[in-house]
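Asker: Listed below are the residues making up each chain.
Number of protein chains: 2
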Amino acid sequence: MKPLITSPTFFIGKEANDLISFGSGQPDLPPPDAVFSILPHYHDFKYGLIQGQTNLRTALAKEYPNASADNFVITNGASEALDLSFRFLAQKGEKILLPRPYYYSYPYNAKYVGLETKFYDLVNGKINLDNFAENLEGCIAVLINSPSNPTGTVQDVDTLRQVEKLAQARGVYVISDEVYKDLIFDRENYLIRGDDVITVNSFSKTYAMCGFRVGYLYATNPEILRYARNVKTHTSMNTNILGQEMAYEATKVPRDYLEKQVAIWQGRRDLIYQGLLELGLELNKPEGAFYVFPKMQNSNKVVNDLYYDYNMVTYDGSWFGFPDHVRFSYALDVEKIKEGLSRLKQYLAKNPV
Amino acid sequence: MKPLITSPTFFIGKEANDLISFGSGQPDLPPPDAVFSILPHYHDFKYGLIQGQTNLRTALAKEYPNASADNFVITNGASEALDLSFRFLAQKGEKILLPRPYYYSYPYNAKYVGLETKFYDLVNGKINLDNFAENLEGCIAVLINSPSNPTGTVQDVDTLRQVEKLAQARGVYVISDEVYKDLIFDRENYLIRGDDVITVNSFSKTYAMCGFRVGYLYATNPEILRYARNVKTHTSMNTNILGQEMAYEATKVPRDYLEKQVAIWQGRRDLIYQGLLELGLELNKPEGAFYVFPKMQNSNKVVNDLYYDYNMVTYDGSWFGFPDHVRFSYALDVEKIKEGLSRLKQYLAKNPV
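Listed in order, the protein sequences are those of chains A and B.
Numbering-wise (the numbering used here), the first sequence opens with residue 91 and increments by one.
Numbering-wise (the numbering used here), the second sequence opens with residue 91 and increments by one.
Simulated from the structure, these hints should not be mistaken for lab results.
One or more of the hints may lead you astray.
Chain copies aren't distinguished; within one or between two, either way the pair holds.
[What the hints assert, rightly or not] Here are the simulated lysine-lysine pairs, DSS-like style, with alpha carbons at most 30 Å apart:
#1 185 with 342
#2 208 with 92
#3 435 with 216
#4 255 with 428
#5 350 with 426
#6 136 with 428
#7 440 with 201
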């Protein structure tokens with residue numbers, strides 16, 4: 091009896107021999123050594139500031155224009171930054187506009203705070219501004235996620251500027267989930283700006299620190315910052331003080347570390363993108379993050395077949411609100427990517443899509 | 091210009107020379123050495139299970155009757171366990187019954203999930219069952235906090251058994267906040283049991299690990315556990331994996347470590363309790379935790395005077411819903427407690443209460 095795979099949680103703890111996992115969205119390469127170098131002599135244990143350690147926030151302020159440490163709240167990963175942002179927005183209105191396909195937590199983040207959801211559909215991974223503007227009607231906020239999980243696409247700078255203008259003109263809050271900001275292949279990240287913008291970010295993807303759960307939100311609006319601090323005071327208090335010190339060490343790593351990482355991701359991107367094209371799949375060329383999202387009819391069947399018959403983990407586009415697509419995370423080494431492509435070729439030979 | 095002190099957050103970062111702080115509720119003595127001993131060789135970095143590391147949950151299961159690892163969700167301190175519990179309850183009804191005086195987060199925990207609050211008043215720190223039963227009417231849940239922050243009182247076992255019966259008979263959920271369970275002077279902790287009980291606990295007080303934010307919730311009801319895991323999946327994911335390993339090391343510390351800790355707390359308790367009695371204050375003898383809560387008229391004025399004129403931090407009972415009382419945390423060494431009592435004596439000589 092093979093249970094039907096209906097959500098990513100099915101794969102948790104599945105580590106069979108010879109399994110090729112294009113599933114979980116986390117780097118396989120370790121964090122910079124500096125992250126671990128403070129551990130042997132670490133001895134603090136008391137509560138930290140709710141908004142986060144001053145050294146870490148001061149270091150982050152250097153990465154944002156005209157920012158100070160006060161513009162940041164350090165959180166338990168980007169997940170808590172999202173939750174705090176959604177909690178804030180639920181005080182302000184009733185409906186939030188989300189991208190589709192979406193990172194699978196967003197609809198739950200909305201549900202758990204009682205916000206209704208509306209969606210703008212990405213076209214080949216890109217925002218269509220007319221569709222976007224139309225759907226924005228009646229929403230208190232909109233979420234932008236560039237680079238995108240699950241598509242790997244990056245929105246054009248012009249589009250993001252239009253989004254800023256539209257949001258400002260309509261008096262709409264923006265949550266900008268930029269957790270993949272340091273994993274863009276063709277340009278620097280464009281920071282979405284505005285008085286009512288909440289930027290959500292993380293050390294998980296840039297520095298491979300997923301398990302340590304250090305993220306943050308950045309905002310210029312003092313009301314947002316105050317609300318986030320207040321809620322956090324009563325719902326989790328400070329983020330793990332040692333995780334924050336490790337994140338602080340990461341901020342001091344020379345820039346060429348990031349460049350080397352991006353080069354590795356880009357090599358893998360090229361490999362899997364070309365490989366999928368050669369298998370005849372239809373897909374957009376990913377410009378960031380570490381996902382590809384080819385079109386594959388009956389995606390749930392594909393995901394089940396690939397797991398049970400080819401020992402491969404992939405994620406059904408339906409879990410991201412976008413059926414008939416499959417997400418492949420390429421956070422695994424080149425040999426495994428090649429082996430996965432080879433198995434996929436065998437599968438497609440028998441099951442054309 | 092001396093700003094009026096109106097909340098505990100005023101004192102954050104105040105570390106003047108010669109300051110005597112009876113404020114923050116955290117142990118001053120460090121965690122057991124074993125907590126730090128794993129650090130030099132730690133190298134994991136990937137996501138952990140949402141519900142927490144298996145080794146830690148398996149160790150906790152040994153401390154609870156007929157429990158298994160599945161009965162636990164490891165959280166970002168007891169704070170997140172409380173938040174997840176309140177989120178669950180908000181799906182079930184509209185009103186929660188809280189103790190008064192209360193740990194100051196509880197009313198906010200209710201507010202942030204949209205639950206109304208009702209209160210049962212502790213009499214000399216103890217639950218009055220008639221008043222309790224009467225107020226329970228119309229509530230979906232009740233919160234018990236024994237040992238209590240801020241009173242330091244421990245509820246009688248008979249009372250807790252009556253609470254169990256009442257809750258079960260009325261079909262009411264119980265949140266039992268037992269974070270001070272290992273700091274009771276006269277008996278073992280009594281675990282409140284029942285199908286609809288959520289036990290909230292923490293490594294912060296028992297093992298002085300406040301800054302690492304490792305707590306947990308324990309329940310036997312699978313619906314509660316599933317809900318907590320689901321919400322945590324989207325609002326914070328796993329608790330910091332290294333903090334959990336440190337907590338796991340703490341679970342292996344021999345029992346006599348705890349006995350020595352409790353003996354230290356008891357010595358301090360005796361000192362401050364006797365000292366306050368000798369100053370003529372009216373108070374209950376604390377039976378657990380590390381707080382005393384004497385009656386002092388105009389408690390906000392007392393707290394302001396003591397800070398500005400005597401360089402002492404104390405917390406206004408109003409912040410716990412109970413004016414005309416002042417909370418003293420005795421989580422500081424004996425010499426400082428003596429110095430604090432001496433300053434308080436000078437103050438009371440000029441300002442009788």
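Asker: The structure should be examined with respect to each hint, and the outcome stated for every one.
Answerer: Consistency of the hints with the structure:
1. 185 with 342: neither (40 Å within a copy, 49 Å between copies)
2. 208 with 92: neither (35 Å within a copy, 49 Å between copies)
3. 435 with 216: Answer is within: at 28 Å inside a copy they meet the 30 Å cutoff, but 71 Å across does not.
4. 255 with 428: So residue 255 and residue 428 fail the 30 Å test inside a copy (44 Å) and across (62 Å) alike.
5. 350 with 426: Within one copy only: 20 Å inside a chain, 53 Å across chains, cut-off 30 Å.
6. 136 with 428: Intra 48 Å, inter 23 Å, cutoff 30 Å: inter-copy only.
7. 440 with 201: Result: close neither inside a copy nor across copies, 41 Å intra and 57 Å inter.
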